[in-house]
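Protein chains: 2
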Amino acid sequence: MGSATIFFWLQLPNVTKSYRTALTITGIVTLIATYHYIRIFNSWSEAFVVASKDGGDYEVKLTGAPFNDGYRYVDWLLTVPLLLIELILVMKLPQEETVSLSWKLGLASALMVALGYPGEIQEDLSVRWFWWCLSMIPFCYVVFTLAVGLAESTSKQPSPAAASLVSAARYLTVLSWCTYPFVYMVKSVGLAGPAATMYEQVGYSIADVMAKAVFGVLIWAIASEKSAVEESGKLLPN
Amino acid sequence: MGSATIFFWLQLPNVTKSYRTALTITGIVTLIATYHYIRIFNSWSEAFVVASKDGGDYEVKLTGAPFNDGYRYVDWLLTVPLLLIELILVMKLPQEETVSLSWKLGLASALMVALGYPGEIQEDLSVRWFWWCLSMIPFCYVVFTLAVGLAESTSKQPSPAAASLVSAARYLTVLSWCTYPFVYMVKSVGLAGPAATMYEQVGYSIADVMAKAVFGVLIWAIASEKSAVEESGKLLPN
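Those protein sequences? They're chains A and B, same order as listed. Per the working numbering: the first sequence = residues 401 to 638. Per the working numbering: the second sequence = residues 401 to 638.
These are computed hints drawn from the structure, not numbers from a lab. These numbers were taken from a predicted model, which means no experiment stands behind them. Mixed in with the good hints, there may be bad ones.
As the list claims (entries may be wrong) - With beta-carbon atoms standing in for the labels, derived distance ranges:
#, chain 1, residue 1, chain 2, residue 2, range
1, B, Thr434, A, Val617, 48 to 54 Å
2, A, Trp503, B, Ala547, 33 to 39 Å
3, B, Pro594, A, Ala514, 19 to 25 Å
4, B, Tyr571, A, Thr579, 39 to 45 Å
5, A, Cys578, B, Ser632, 50 to 56 Å
Even for Gly, the Cβ is constructed at its ideal location relative to N, Cα and C.
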């Protein structure tokens, strides 16, 4: 995540001014994730201790300190709206549409994260499902807007390469996002204990790398391609 | 707060020279806040310990180390005058007015913070109210100047978009500032113990994000809009 940040920011001079805000925000998303993954790492290390008794097999034990998964939700509350805004900015829609889409998708996605948290920290399965269902309402709205609502704007991109990259970014968002509700369900279907916690952490971490770093590389590729198209346009004799 | 700092500073080349000082200070405010929030985080972690005995329910206990809320007041003493100065700078008033307003609002707001602290660290409710009242005198002066005194200058902004953004920044300041005296009152109305401390910390933190990071985004939007207006003005044939 930290390396992705440095890559995006070092690429800033290589894109035209129109795409620098999008690329700046792309780097901020992975920076915020870097910070929270360090906090998650520390919290994990404080919650579990691995040791062997008398040189025998290693055992994992609880230290008594809690593993705080709240860091993920604070991270998502900040990064998920920013991720959607970076996609909207790189599409370079008319200004009015940019502002209204940023507000709508930004607020809906923040609401989605906020509604997920009360269920995540519950042991009671029916309460977990209740918050999962509530959170899925803004989730479906955002995914539907990305998959269907932005299809027309995609076709207006300045080159076929740019259009297919924007399509890829939209579908990567939809696919990587769909991972989260399934990982959330790991504990809701009755799995519990260390194995469930491990599947959940591995699942969320893979989804985060796809949705932030890999998605960010696509945003950079779109910004590069569109910058090249704009610059070659300026050099034409007409 | 840290991400906001980086965003503002990476945007420096995208605004004209007239607005770079305002944008630099905007980033300094969120940087100072980043530093103090790390200190607050560490002080909080040292004051409370969360642990479960024998794998049972988690309990929060006092460690005996004090939670030092003084960091907030040192932060505000530095950032609050700077926040007002960044707003005055981005308005691009005549130089004389800029200097005199910066002194008046800067000193009044520093006095407001300094008068609040003796009450904040008091248990005695009547002493808390005494300092609250004293602190409200410079508070009212600053809020009145922002709400009424700057109305005329707002109408002189170079484009309707810039004028409405400046209005939004002035009102966000007034609204987010009004949160602080109410949060301060949480303990003055007799609430005490862990719940009161938690409400106070959550309240101050939300107000800080609004008054520093979100307000900073508005300052950047004003600087961008006015830079675009100035640059398009230069390209006109007349």
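Hints, one by one, checked against the model:
no. : hint                            : verdict
1   : Thr434/B / Val617/A: 48 to 54 Å : violated (27 Å)
2   : Trp503/A / Ala547/B: 33 to 39 Å : violated (25 Å)
3   : Pro594/B / Ala514/A: 19 to 25 Å : holds (23 Å)
4   : Tyr571/B / Thr579/A: 39 to 45 Å : holds (41 Å)
5   : Cys578/A / Ser632/B: 50 to 56 Å : violated (44 Å)
When each numbered hint is compared with the structure, violations occur for hints 1, 2 and 5.
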